[in-house]
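J.: Below, each chain spelled out in residue letters.
There are 2 protein chains.
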Amino acid sequence: MMAQISDRFNDARKINASIITIGDELLIGQVIDTNSAWIAQELNKTGIWLRRRVSVGDTKEEIIRALDEESRDTPIILITGGLGPTADDITKPVLCEYFGASMVINEEALANVKDIFAKLNRPLIERNLKQAEVPDKCTVIPNKRGTAPGMWFEKEGKIFVSMPGVPHEMKGMMTDYVIPHLQQYFTFPFIDHRTLLTFGIGESFLAEAIKDWEAQLPGHLKLAYLPNYGMVRLRITGSDSNNNKLQEDLNSQFEKLKTLVAEWLVASEDITLSQVIGKMLQQGKQTLSTAESCTGGYIAHLITSVAGSSAWYKGSVVSYANEAKENILGVQKNTLWLAGAVSEDTVKEMVRGVIAKMDTDYAVATSGIMGPDGGTMQKPVGTVWIAAGSRNNIITAQFHFRYNRARNIEMTAYFALNLLRKLMVKDGF
Amino acid sequence: MMAQISDRFNDARKINASIITIGDELLIGQVIDTNSAWIAQELNKTGIWLRRRVSVGDTKEEIIRALDEESRDTPIILITGGLGPTADDITKPVLCEYFGASMVINEEALANVKDIFAKLNRPLIERNLKQAEVPDKCTVIPNKRGTAPGMWFEKEGKIFVSMPGVPHEMKGMMTDYVIPHLQQYFTFPFIDHRTLLTFGIGESFLAEAIKDWEAQLPGHLKLAYLPNYGMVRLRITGSDSNNNKLQEDLNSQFEKLKTLVAEWLVASEDITLSQVIGKMLQQGKQTLSTAESCTGGYIAHLITSVAGSSAWYKGSVVSYANEAKENILGVQKNTLWLAGAVSEDTVKEMVRGVIAKMDTDYAVATSGIMGPDGGTMQKPVGTVWIAAGSRNNIITAQFHFRYNRARNIEMTAYFALNLLRKLMVKDGF
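The listed protein sequences correspond, in order, to chains A and B.
Start counting the first sequence at 6; every next residue gets the next number (the working numbering).
Start counting the second sequence at 6; every next residue gets the next number (the working numbering).
No lab work stands behind these hints: they were computed from the structure.
If you're wondering where the values come from, they're calculated on a predicted model, not measured in any experiment.
Worth double-checking, as some hints may not be accurate.
The list treats identical chains as interchangeable, and a pair is accepted whether it falls inside one copy or across any two copies.
[What the hints assert, rightly or not] Here are the simulated lysine-lysine pairs, DSBU-like style, with alpha carbons at most 30 Å apart:
#1 K65 with K142
#2 K119 with K135
#3 K427 with K65
#4 K427 with K163
Construct the entire structure; sequences and hints are all you get.
T.: As structure tokens, then:
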């Protein structure tokens, strides 16, 4: 069987796979399918190209239709879900019928079920023992993390793998069994990536700026645009049977790309804007604090999501009320009265205040009207002032966003982090 | 066309839809598909049953295959993604060819593109103008949030809707245009919902607690479990041709359900935990502040995401560094030294400090070790102390989470908000 599959598919430039996720909960929006993205990443690293992802309900006809359609042109079909002990879980009997098999008790799976229930100190009922039954035409994939065994079928040169939908059980099987076994079956090319992050240029302008370079990319290198909140991540993915050549090609194209986007380049690796800032601060032995009005703690959250940020981030004063701006940050009553809370003067005083209060080298401050209410003729919803400063220098910027509240908050946070980054670059970090 | 579709599908018990998401980023696992779950929920509320979800790459053959297969037995095909201005976005030309149409400039879409670029103060390039081109056989769906117009096609009694993959653009189109127009095309039974929010009980235990009630639910009422961060939302969806009967049935079953889950009931409507707290504070004319160490501003973010929260929320001190706990919140050096930053004494002093500093009636404070580093034998990663207090009373709780950093932060934030809610309930709010 192994030779047959290899002969058939190794000639193709890419080995394809398809994912079928099974469960009514996926079709009523109860659950966000994170399994597919995880599996896709793992396949991609291995050199397998995910061709399609399909989700269907716990219905025999729908499962069979998906098995037929997905296996038509694809040699690897990975299936998750529908292996639980309750009545709505029908994946196993449907697969048994699909492969013309009969159900038999698998002794290893039975021992596993008994072991799990003994450890939980719970009585075993008929329903649980059924978990150890498998179609006699599959190879059982051990489940170290749960009672439902995985199943590996081969039919007409195609591989079908059925795994539980519970993420950590599925991930365990993929890592311990499925990926290594697929690697034995197929000869893969080498796959690698280069990623960079830009800020302040739209996807279309970026595409325009690099279109000649993109057009000359050799066929074994692909470019992906990944836009998000004023940022665009560019990723080159390459595959080749010769790893030295692959690395050389990736490096030389990546260098050219970096030169072309130098004006907007924020990072030459796959990291977040908060991580970029963290790296600069840590290398320069500098510290940071934030003073947030309209972003309401979201900048602090982006920063503290970075593991180890406590080494360079001291904290934030979320001064939502004007009294907090006055009492904690020392913004002048006069400034709030004359210029208003959403003003250049106020965000400057917020930066000065928080640097003094938190004793940091750098700070960033925001004030704006996020909506849906609170806008005026002079300051409509989306009006934002941002300041970034060090102990002896402050720069500011005004923005007019026009999104909803949630997105205005997110955009303001990212533009604030970028203003801080610009200031630090100017300061030589 | 309208009558034709109605005649054909209204007899069926359910009106089916299929989602096609287009984009290479979905197949390399770069992006988790949250759009599909959101669309599924919205369709479900309307009375449309999602039959399948398919993701394919930016490849003409794959898109056409998906259009053929998904429309075979399904009258509504919702498509997202691949409408951007760059070369890899090919959904529009593929649809144009699929429906035998020609590209024409849409004046309304053109005005929208020009308007957006004028507001951004950016020059328009050819590539952006292309965004205003649409196949001449579609009805244009206005995009208030971006440059790519949506497209509504009809062919052989089937409806095909193409929307951008950017979540807020897609959501705007679905809400403002697609759902209302689908409601005009099909005759739906009356559909309504009752939703409640529980906190502190797992999905399987909840299912056990209400299983007899669930088993007796009449066929036209369905229950959905929507779990999220220690909370489970329960939603009853009913459909009936008689609206009075539907409302009566929903009300009587909802009352029974509320009684059964009373112990864990947080809200009898579809609102967030922050909104529950905001309502209690506003009704009682009370104010709130927060003092966050390990949650790093995430609680403040959850609160300030609620529109109008400035009426009852004054702000947060994100005291990531110990100096901030001392200098701004007045936590005693001795407490930090003897009990440690992650201790009951520290979070109590943080609550007292922030109530004094922000002059609020209530406050909540967090301190913990979120990981991946920073754990010790006595206080492993996931150890968290939370305090909630008013001017004359403080309650505390300790937790041991064992997730990753991001999830530990989120869980801590929600458990902190719930502790505050419990205190306010005890206080009679």
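J.: Run every hint past the structure and note whether it holds.
T.: Evaluation of the provided hints:
1. K65 with K142: For K65 and K142, the Cα distance is within 30 Å only inside one copy (19 Å; across copies 37 Å).
2. K119 with K135: within (12 Å within a copy, 63 Å between copies)
3. K427 with K65: neither (55 Å within a copy, 41 Å between copies)
4. K427 with K163: Close neither inside one copy (51 Å) nor across copies (52 Å); limit 30 Å.
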